[in-house]
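Participant: All chains, please: the whole structure from these sequences, using the hints.
Chains as they are written, first to last, in the working numbering: chain A, 24 to 213; chain B, 24 to 213.
What you were told as hints is all true, and nothing was included just to trick you.
It does not matter which identical chain is meant; a pair holds if it fits inside one copy or across any two.
Derived lysine-lysine pairs resembling BS3-like cross-links, with alpha carbons at most 25 Å apart:
id, residue 1, residue 2
1, K119, K135
2, K33, K135
3, K135, K74
4, K67, K25
5, K135, K45
6, K105, K45
7, K105, K119
Don't read these hints as lab results, they were simulated from the structure.
There are 2 protein chains.
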Amino acid sequence: MKLLEERIRKDGVILDGGNVLKVDAFLNHQMDVALFGAMADEWKRLFADEKITKILTIEASGIGMACIAAERFGVPVIFAKKSKTRNLSGEFYTTKVESFTHGTVNDVIVSKRFLGPEDRVLIIDDFLANGAALEGLIDLVHQAGATVAGAGIAIEKAFQPGGGRIRAAGVRVESLARIASMTEDGITFC
Amino acid sequence: MKLLEERIRKDGVILDGGNVLKVDAFLNHQMDVALFGAMADEWKRLFADEKITKILTIEASGIGMACIAAERFGVPVIFAKKSKTRNLSGEFYTTKVESFTHGTVNDVIVSKRFLGPEDRVLIIDDFLANGAALEGLIDLVHQAGATVAGAGIAIEKAFQPGGGRIRAAGVRVESLARIASMTEDGITFC
Chain A
24 MKLLEERIRK
34 DGVILDGGNV
44 LKVDAFLNHQ
54 MDVALFGAMA
64 DEWKRLFADE
74 KITKILTIEA
84 SGIGMACIAA
94 ERFGVPVIFA
104 KKSKTRNLSG
114 EFYTTKVESF
124 THGTVNDVIV
134 SKRFLGPEDR
144 VLIIDDFLAN
154 GAALEGLIDL
164 VHQAGATVAG
174 AGIAIEKAFQ
184 PGGGRIRAAG
194 VRVESLARIA
204 SMTEDGITFC
Chain B
24 MKLLEERIRK
34 DGVILDGGNV
44 LKVDAFLNHQ
54 MDVALFGAMA
64 DEWKRLFADE
74 KITKILTIEA
84 SGIGMACIAA
94 ERFGVPVIFA
104 KKSKTRNLSG
114 EFYTTKVESF
124 THGTVNDVIV
134 SKRFLGPEDR
144 VLIIDDFLAN
154 GAALEGLIDL
164 VHQAGATVAG
174 AGIAIEKAFQ
184 PGGGRIRAAG
194 VRVESLARIA
204 SMTEDGITFC
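Facilitator: Here it is, written out as structure tokens:
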């Protein structure tokens, strides 16, 4: 998606010798909801025939774009929560997600009341790199007996293994900007 | 706002002898973006003349409604982040917010790049009770030298002191549902 690629070139900041792409000016701290609208239109076009019933994302930075997308699809959003407490009551689907950025593992939960076998779920998230968050969300959908209709990602670091592994597992992944390589001198899209 | 009050009566769950209102079916876990649209229309009507330049919220459950509201106002959203790391670089406005629910105190931060003296800020959040989160957000706006144009709250527990104290300090607070009292038998709105 040209609009997003141009915005990344204009306002993204590459740090740490090409390991970190900072997009906090428009995506995950300050959020440009007009850009989110254009991204939502594109996901709606791509997944128009998938009979989506729910959008699933994970807190916190996926929530904004998921909500704008949900307006286009006319469905609710569920955001998976990073839980500090153990699930004693059995009322949640639970999975573990490793954060490579923070070096931590979080329990991530979704209430069983909001996902079931009848659901066709579109997963939305801001980044796809190692794939840990997306695989966790896919696991939650599968625990519910629901169908993963696909994943809509804003920015995929295509030089990291997550996207390839998840597509090879049969999940349709549509990333609006796919980064082939980045250094502090610049960025190349696929 | 009748629509929100009716939804709270229908899908809200009162727990712990009237101390906890659970609205995870439509507001802060599963999110009804059509309801958020109606709430956004109401905030837009209320703050139409305030020349809002930015919407500020706090992660995670305020983000969705803030983004839908931001579409109506045609401005960006900033979400304040709960920080795990100390601000060594001076690039953030920082405040402390006590969570009465979790019994914790978080450092809450906003990048200095995204708020400045020219900004007129509408603060959006899902709940107002003791007022700690809202006062933290107001403090961040003041640190930036920006103007707090007002606060749009979804649900105010009017029997707790936050709303009264913040209005007495001169901030315009518009809560779409104001709860006068609640017990496990039912709920009364102001």
